[in-house]
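One-letter residues, chain by chain:
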Amino acid sequence: MSAVTPTTPIPATSEARIARRETLGQLAHSKTFIVGAVLVGWWVFWAFVGSRLTPDDPLAQSDAILNGLSAGHWFGTDSLGRDVLSRVLAGATDTMKVAPLATILGIAGGTTLGLVTGYFRGWVDDTISRVIDAVLALPLIVIAVTALVALGSSNVTLIIVIGAVFTPIVARTVRAAVLGERELDYVSAAKLRGERAPFIMFAEILPNIAGPIVVEATVRLGYAIFAVAGLTFLGFGVQPPSPDWSLQIADNYTLLNSGTYEWTVLFPALAIATLIVGVNLIADGLQQVLD
Amino acid sequence: MIVFAASQLLPGDIGRNVLGPFASPADVTRFNHEHGVDRPIWTQYWDWVSHFARGDLGTSLQYGVSVSKLLGPSLVNSLKLAAVAFVLVVPLSLLGGTVAALRRNRATDRVITVTGLSFTSIPEFVTAIILIVVFGVVLKWLPVSAAAPAGAGFFTQVKYLLLPSFALVAVLFGYIARITRAGVIEAIDADYTRTAYLKGLTPRQVVGRHVLRNSLLPTIAVVATQVGYLIGGLLVIEKLFNYNGIGQRIYIAAQAKDFTLLQSGVLIVGIVYLIATFVADLLYSVFNPRIRHGAAE
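Protein chains in written order, with my numbering: chain A, 1 to 291; chain B, 1 to 297.
Don't read these hints as lab results, they were simulated from the structure. All C-beta atoms in this analysis are idealised placements derived from N, C-alpha and C, irrespective of residue type, glycine included. One should not assume that every hint holds.
Covered stretches of chain A (chain B as the covering partner; in silico rule of three or more C-beta atoms under 8 Å from a C-beta of chain B) [as the list claims (entries may be wrong)]:
{"#": "1", "stretch": "140-150"}
{"#": "2", "stretch": "227-234"}
{"#": "3", "stretch": "271-281"}
Far from chain B, by Cβ distances over 12 Å, these chain A residues were calculated [claimed, not checked]:
{"#": "4", "residue": "ARG21"}
{"#": "5", "residue": "LEU101"}
{"#": "6", "residue": "ALA250"}
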């Protein structure tokens, strides 16, 4: 006689958890994702630790001006006698504050806008989409420079401006995803249940388009670092005395005209390059798994 | 109109900015009145648009000389730089994209795609710094600055423009190559390609005559949209190489709040962008008989 084992109904949440574990497992096997995560993890670590673990104080000046690479200063010193290695390690802090926050702002704004335009269609969609097209017609860096000159440069305005510039771009992606979902049965069911529009948009549609949004967020993060770096280099972004990488390059690149002192700019340049490549490898890995 | 509105939003008294912090308030008021910047915004806007249409760009608030004299040579310089960059990037990325597509999912493809993707996402001034250090400082092959000595011949000028255009090429290559790759893959999988092979054509003939011709279309479209990016890139690259181009002018004008110069500079950029898109549309119909014939019917 076989005992009848009572079957416990599997709660919906555990199903979601299994799906999530599968995604994580796939990511752990993606070489691009791992390399990207290691690179980004390294800079996230230094962004949190900041100047506490660097060999020297990144802001301390000394008489050792523009010394080459040596045992005391692995990456040499800059025109104010500051240790380049310490400055490169501490230089992650501002970028790692501004870029993620700007990305979150852009994703939040763009997702809301995309859900509204994609769900309602009609004149709301038409009006907002036209405005978005008009804004996107201008080169982004020109908009950002103009806005930053108007508002004044600080980390806060930098976050707001980059976030605002990203909003229409994210909105376009989200809108396309919403258009693919809005005719599906679960949306009609929710409508028949008498759910309100905000509930359908944020509680029903949003979880189903989370994949593309996560991918968009990592891609945007790469662009945000790109934008912060470019604007800072032009003098409209992170302000001195921060040891930010782009500031180091902006301060020292004219020295290259003398045909030497390349260490003052090469190491910060390589730091930016590794961080951005890292973020893009993560985005690439996520895209392969989620899409 | 957006350009005008944006530049009006810039804070600060124009007269105060031009004359410096030590000018007397009376002088500042007089300066503002002479240059008409104390008039209502709508009068200024109408004035600006009607003059621009007649080719009169006004006088730079900062330098006191005519804007067209400042922007004319800068525009020519920028077009030179952009031309060198385009001449390098278009064949390179077509080749890269095609090779990647023909070796789809093999090592060559991965290398081209990942390298292209990485270079696309690295800011142009970072690539430029690495290029300057390698080719200008360590190897000493190429000049560090972009401005050739006055009266230099064609090839000397090109030599000075090589480093800055490499930096632009690095950013554009990955993007254009990716689109080309996608276009070529689509063409390879198409029925007409199979037919061409079955007709007994050699792979070289098939790729050259059937595949490339069809895959060029999306590439042309994407190259045109990249002109907008290229202008933003010029802003940074021209500053880095201290090159007197339109990007450098816009940058200096934005810093000095030189409205007349800034407005005309940004508007000219917009016009260049429109022309580029228009040329791309023309090319598109040249390469795509379907559009040409569709329009004729």
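Structure-based check of all given hints:
no. : hint    : in the structure
1   : 140-150 : holds (count 9)
2   : 227-234 : holds (count 4)
3   : 271-281 : holds (count 6)
4   : ARG21   : holds, 28 Å
5   : LEU101  : holds, 19 Å
6   : ALA250  : violated, 9 Å
Of the numbered hints listed earlier, the single one contradicted by the structure is hint 6.
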